[in-house]
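Q: Note that the protein sequences, when read in sequence, are chains U and Z.
Using this note's numbering, you'd call the opening residue of the first sequence number 88 and step up by one each time.
Using this note's numbering, you'd call the opening residue of the second sequence number 454 and step up by one each time.
No wet-lab data here; the hints were simulated from the structure.
Wrong hints could be hidden among the right ones.
What the hints assert, rightly or not - Within a straight-line C-alpha distance of at most 20 Å, the following computed EDC-like cross-link-like pairs (lysine to aspartate or glutamate) qualify:
id, chain 1, residue 1, chain 2, residue 2
1, U, K89, Z, D459
2, Z, K601, Z, D583
3, Z, K493, U, E125
4, U, K357, U, D347
5, U, K325, U, D227
6, Z, K486, Z, D459
7, U, K344, U, D328
8, Z, K493, Z, D459
9, U, K89, Z, E457
Source: prediction; values computed, not measured.
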Amino acid sequence: MKIESYNAPSSIAEAVQLLQHGEATIVAGGTDLTPQIEAGVREFAATLINIQRIEEMRGISVTNERYRIGGLTTVTDIRESEMLAADVPVMVDAADHFASPQIRNAASLGGNLCNASPAGDMVIPLLLLDAEAELASWSDGAVSTRRVALADFFTAPGRTVMQANELLTAVEFAGPGEGFAAAFIKSGPRPALEISTVSMGVAGVITDGVISAARVSIGAVAPIPLRARDTEAVLEGKVLDEALIELAVETASLEVKPIDDVRASSWYRKHLTGVYIRRALSHVAGN
Amino acid sequence: MSLEIDITFTLNGRIVQTRVPPSMTTLSMLREKFDLTGGKLACGEGECGACTVRIDGRTINSCLSFAVDCNGREIQTIEGLGSVAGLEIMQRAFVEHGAIQCGYCMPGMIMQARYVVDQNAGSGQIMTRDDIARGLEGNVCRCSGYTKVVDAVAAVVLEEASL
């Protein structure tokens, strides 16, 4: 469709008022949108809204042990955040493995989530942290917000629970508790610019060899980024030894539902899931 | 008549104005409106880095960025780095080390190399060859190896460290 109007709002209130007038294309860094338009898998709506000027949607902060990352915060901002490196290093790890420097400089966290790729790298650590997306819309003359757990946010490849009049303004999560350890591993034939064949996040608290608050998130093995709850249940409250790791490997490979595609076969993705969960659990156990 | 948007921004140190369709990429604008043809379109997907320019100091793939978003920003292209008469130190190093074959990817490669060396400058650390390769991971050259490119950047790192 031809773009009939263009807007570059400078506040969330302005943006969500524009969104109530029907279908619009939202652009931030453009790193996913442009190739999708070029490939013909997406079309511009009649209204293009450039949200890059909404400064209140940028930045990383913490209030009462709750971390907030604005939707427009770039992957570079996350990668270079000293606060996240100290408190939540798994976020920095995932950002470090993301695409290339030029894409990290442009790509926003909100864009990575709203694009809803099953292989979206920033989703994996956020699932470990039980993060929530903050969605804003215009209602009764004011900005209204709702929060959705990221585990419930994705519905299918490229699809989320967001409504057309909503804007993802931030992601929030509680600070990890004492003893929290997490690992992120991503695979691809080369380190840079790789769409993950499998990406794996594992987290937990190890006390006297026992794992609690076990979290497992896996990317590119199902229509949506997966919280592997069966695997978490197998791990929870047990001694993290070789037998338990073996059981986790078996459970995870039953829990994932990967497809065959150009990057890997389903069989290989299941195999990698096992390799990576073993590696990530060993890392968490060693911390 | 199709929608066009007026924008004003700083391009290689000068304030410029133009009108662009809202869907135009920054790369197309630079090449078609300003005849700055150093940045190239190759993959169009952010995989190759041939279109690398700096916006507000940070390098991006200009083939993915929207020209309308340049409004009010500061853009630097390879043409703003140096001139044929007075090459910037990174450009000169690429020439001196023969870090070039067909040249298509080089404007983007040099812009990214300049950026990563600038980024590292405040750290007090000397960049290793691995650091340089990592910094250039978003730039692809299809005709040469990367050894001479890394040689050229490493020479600049040493030269600037001794300044």
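Q: All hints, please: hold or fail.
A: For each hint, the structure was consulted:
1. U/K89 <-> Z/D459: Given that 20 Å is the threshold and the Cα spacing comes to 18 Å, the pair holds.
2. Z/K601 <-> Z/D583: holds, 14 Å
3. Z/K493 <-> U/E125: OK: Z/K493 and U/E125 at ~17 Å, within 20 Å.
4. U/K357 <-> U/D347: At roughly 11 Å apart (the allowed maximum being 20 Å), U/D347 and U/K357 satisfy the hint.
5. U/K325 <-> U/D227: Violated, at about 50 Å.
6. Z/K486 <-> Z/D459: Roughly 13 Å between the alpha carbons, so the hint for Z/K486 and Z/D459 holds.
7. U/K344 <-> U/D328: With Cα atoms ~26 Å apart, U/K344 and U/D328 exceed 20 Å; violated.
8. Z/K493 <-> Z/D459: violated, 24 Å
9. U/K89 <-> Z/E457: holds, 12 Å
Of the numbered hints given earlier, the model fails hints 5, 7, 8; all others are met.
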